[in-house]
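Student: Following the hints, complete the assembly by docking chain H onto the known chain Z.
Those protein sequence lines, which keep their order, are chains Z and H. For the first sequence, the working numbering begins at 2 and goes up steadily by one. For the second sequence, the working numbering begins at 47 and goes up steadily by one.
Treat the hints as calculated values from the structure; they're not laboratory data. Certain hints may be false.
[Said to hold, decoys possible] Computed footprint of chain Z on chain H; a stretch qualifies when at least three of its residues, placed anywhere within it, have a C-beta under 8 Å from a C-beta of chain Z:
1) 47–56
2) 76–82
3) 86–99
4) 145–155
[To be verified] Simulated DEER-style distance windows between Cβ atoms:
5) Thr-10/Z <-> Glu-332/H: 40 to 48 Å
6) Gln-101/Z <-> Ala-216/H: 51 to 59 Å
7) Asp-14/Z <-> Leu-200/H: 39 to 47 Å
8) Leu-19/Z <-> Ile-104/H: 32 to 40 Å
9) Thr-8/Z <-> Ala-53/H: 32 to 40 Å
10) Glu-158/Z <-> Ala-216/H: 45 to 53 Å
11) Thr-54/H <-> Thr-37/Z: 33 to 41 Å
All values reported here derive from a predicted model rather than from experimental measurement. Ideal Cβ placement from N, Cα and C applies to all residues, glycine included.
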Amino acid sequence: MSKIHVTTTVNGDEMEFLCDPRETLLDVLRDRLNLTGAKEGCGTGDCGACSVTMNGRLVCSCLVLGAEAEGAEIATVEGIAQGDRLHPLQRKFIEHAALQCGICTPGILVAAKALLEKHPDPTEEQVRFWLAGNLCRCTGYDKIIRAVMDAAAEMREAA
Amino acid sequence: MQFHSPATFVEAAALAAEAQGVTRFLAGGTDVLVQLRSDMVTPDTLIDIKKIGGVRDIKLNDDGSWTLGVAVSGAEMNEHGPLRAAWPGLCEAMDLIGSTQIQGRATLAGNLCNGSPAADSVPAMVAACVTATITGPQGERTVAVESIPTGPGLTSLEKGELISALHIPARGENAGDAYLRFIPRTEMDIAVVGAAVNLRLDGDTITEARVALGAVAPTVRLVPEAAEALIGSTLDDGALEKLVAACSAACSPIDDKRGTIAFRTEVAGVMAKRAARIAYARAKGETIEGHHG
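Next up, chain Z with everything else stripped away, as it sits in the complex:
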């Protein structure tokens, strides 16, 4: 089977890869581009562990084909920190202990960042609905919600 040549932008860097037409963007990110931040949880778009943004839109990378990334701008958890400087969301997740096993964390960080870009001052209800597609089996969610609210407050002050 012939492979598809794809040129895309990931976290601001232009990248090229060859992929099978059946390969998902998640497979490509992890296995071809060595960006293993996005995780495979369910593989069917239910758990959100593979969340990335494509052209600014939050998506499950397990439900996007690698071939669809042609010409797109992809952002993953690897692009959130500025070098050694953590993003406020990342710092607040550590401060609030908003993670335990950590499998869901990259997806939740990407999803929460997308939320705060759209709604810098969200209500707790908005945060909970926005993150309804990101499952966490460790924390019970409260710490995650508090971390996101706190990061949002800090980012508003800094802005």
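Tutor: Just chain H now, kept in the frame of chain Z:
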């Protein structure tokens, strides 16, 4: 698997008409990719229709009607203020589907062509008199959306045919729509029952109505008897009673883990009654949030 990204619908239809084996069109992929990954449906040919011009456009026509591209996502619909203001029931029905991530990709046309009897956006589209342009090897035709699903997972589309645009009528004056579904929790679930109502008033009296039910029959069902119960009334208790009876009578659901036949049959009437009240209030000019928004 062959992967194609044609530049026109005519080209997409020709590719599908010539393809051997299983063919799928890819828009948002939230059903196609799930089926592909779980080995339920393995297409021999996959045709990505997102490179076709205009598929992401939401266009308000001069006559007040809307033309929606087939790759417009739920998120794009719900971020479009004028569309949401004109057709809140339809937009909310779409918004009920899945998570933020799914909303970034899922489309009305995909929800329709997936053929699920429980598809949330479909009763709302049927109630709203939405029509679809279908492009195929024989050219184009336009049909009412209710003629497309024919059973669970099945559609009336012929080999080589695909939806190339959706058309939402002009909202007009003194009119409102609403969609409600029953699920046992608040979010992220499949409808046990869905009910959509679209109506128009003259003063306090309902002059036009469409009622459609989801998840209570092998396809989404338009219920003319339920509409007749509303037309000519002021949504008084007598009319609502007739609406409930007509909706329950139109149900032929399955028993499954989500709901029994008896439960679905009863709840269909309840959901239709509540949706009718919201649609009526909207037709009166009230702003009502159907859910979390």
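Student: Next step is simple, just say for each hint if it's right about the structure.
Tutor: Okay, the hints, checked on the actual structure:
| no. | hint | result |
| --- | --- | --- |
| 1 | 47–56 | holds (count 4) |
| 2 | 76–82 | holds (count 4) |
| 3 | 86–99 | holds (count 3) |
| 4 | 145–155 | holds (count 6) |
| 5 | Thr-10/Z <-> Glu-332/H: 40 to 48 Å | 46 Å, holds |
| 6 | Gln-101/Z <-> Ala-216/H: 51 to 59 Å | 53 Å, holds |
| 7 | Asp-14/Z <-> Leu-200/H: 39 to 47 Å | 45 Å, holds |
| 8 | Leu-19/Z <-> Ile-104/H: 32 to 40 Å | 35 Å, holds |
| 9 | Thr-8/Z <-> Ala-53/H: 32 to 40 Å | 18 Å, violated |
| 10 | Glu-158/Z <-> Ala-216/H: 45 to 53 Å | 46 Å, holds |
| 11 | Thr-54/H <-> Thr-37/Z: 33 to 41 Å | 39 Å, holds |
Going down the numbered hints, you'll see the structure goes against just number 9.
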